[in-house]
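As you go down the protein sequences, you meet chains R and X in turn.
Our numbering puts the first residue of the first sequence at 485, with every later residue one more than the last.
Our numbering puts the first residue of the second sequence at 2, with every later residue one more than the last.
Calculated directly from the structure, the hints in this document are not laboratory data.
Wrong hints could be hidden among the right ones.
Claimed, not checked - Reference excerpt, derived from the structure (chain R facing chain X, CB under 7 Å, subset only):
id: 1; residue: 531
id: 2; residue: 539
id: 3; residue: 541
id: 4; residue: 587
id: 5; residue: 589
id: 6; residue: 590
Said to hold, decoys possible - In silico negatives: residues of chain R with every beta carbon more than 10 Å from chain X:
id: 7; residue: 492
id: 8; residue: 499
id: 9; residue: 501
id: 10; residue: 533
id: 11; residue: 538
id: 12; residue: 549
id: 13; residue: 552
id: 14; residue: 555
id: 15; residue: 584
Claimed, not checked - In silico EDC-like pairs for lysine to aspartate or glutamate, Cα to Cα no more than 16 Å straight-line:
id: 16; chain 1: R; residue 1: 555; chain 2: R; residue 2: 523
id: 17; chain 1: R; residue 1: 521; chain 2: R; residue 2: 567
id: 18; chain 1: X; residue 1: 67; chain 2: X; residue 2: 89
id: 19; chain 1: X; residue 1: 42; chain 2: R; residue 2: 511
id: 20; chain 1: R; residue 1: 521; chain 2: R; residue 2: 486
id: 21; chain 1: R; residue 1: 521; chain 2: X; residue 2: 106
These numbers were taken from a predicted model, which means no experiment stands behind them.
For glycine and all other residues, C-beta sits at the position ideal for the given N, C-alpha and C.
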Amino acid sequence: GENVEQHPSTLSVQEGDSAVIKCTYSDSASNYFPWYKQELGKRPQLIIDIRSNVGEKKDQRIAVTLNKTAKHFSLHITETQPEDSAVYFCAASIDTGANNLFFGTGTRLTVIP
Amino acid sequence: GAVVSQHPSWVICKSGTSVKIECRSLDFQATTMFWYRQFPKQSLMLMATSNEGSKATYEQGVEKDKFLINHASLTLSTLTVTSAHPEDSSFYICSARDIMAVLTEAFFGQGTRLTVV
Numbered sequence: 485g486e487n488v489e490q491h492p493s494t495l496s497v498q499e500g501d502s503a504v505i506k507c508t509y510s511d512s513a514s515n516y517f518p519w520y521k522q523e524l525g526k527r528p529q530l531i532i533d534i535r536s537n538v539g540e541k542k543d544q545r546i547a548v549t550l551n552k553t554a555k556h557f558s559l560h561i562t563e564t565q566p567e568d569s570a571v572y573f574c575a576a577s578i579d580t581g582a583n584n585l586f587f588g589t590g591t592r593l594t595v596i597p
Numbered sequence: 002g003a004v005v006s007q008h009p010s011w012v013i014c015k016s017g018t019s020v021k022i023e024c025r026s027l028d029f030q031a032t033t034m035f036w037y038r039q040f041p042k043q044s045l046m047l048m049a050t051s052n053e054g055s056k057a058t059y060e061q062g063v064e065k066d067k068f069l070i071n072h073a074s075l076t077l078s079t080l081t082v083t084s085a086h087p088e089d090s091s092f093y094i095c096s097a098r099d100i101m102a103v104l105t106e107a108f109f110g111q112g113t114r115l116t117v118v
């Protein structure tokens, strides 16, 4: 099955700086890569996703890049704010409609005011 | 966005008893729902795929007789933890996808924190 690795496990940045989280995946058939933000004890919230037919996607301060050849994808958050502090998970799946997601191990992001 | 409701949000039960967790899609239909388990400070681990009208598909290492899944309708899947033990204490969370939509996200329930004492 799919194996998703995520780095770093913890990340602290000063408010206003950028944060980058990286993930690699093993199954070349995976074609859907969402990123989730999870606050303590709450459900994961989708923040951005990318499909294999594009290499980059941006939504305001958040961007995701995908390198299908190298099988890695990254989340970029610019101008970080304290409310960005949370655990972020990457995931990968073969988007056949079943949407079976395999999650990375998570990154705890702390934005220091 | 679509809403997935999970009930209960938290439950405490005695060791040896069974606990049922419900996952409902409130404003869409889902032929497939997914059950995940999340231990503290760890990632979400897929336990099983719940298929409406048929048997669930379990991931390797997940005991199907211990974690009973029923998906009786297009809007409801249930997970029953049978003969619960303290090591089953965890955050259980479901997800569902709208069968009528193409290229959409998975919507998660709010999760159920199970504590077995």
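Verification of the hints:
no., hint, result
1, 531, "10 Å, violated"
2, 539, "17 Å, violated"
3, 541, "13 Å, violated"
4, 587, "5 Å, holds"
5, 589, "5 Å, holds"
6, 590, "5 Å, holds"
7, 492, "14 Å, holds"
8, 499, "24 Å, holds"
9, 501, "24 Å, holds"
10, 533, "7 Å, violated"
11, 538, "12 Å, holds"
12, 549, "19 Å, holds"
13, 552, "18 Å, holds"
14, 555, "18 Å, holds"
15, 584, "6 Å, violated"
16, R:555 to R:523, "27 Å, violated"
17, R:521 to R:567, "11 Å, holds"
18, X:67 to X:89, "10 Å, holds"
19, X:42 to R:511, "25 Å, violated"
20, R:521 to R:486, "21 Å, violated"
21, R:521 to X:106, "14 Å, holds"
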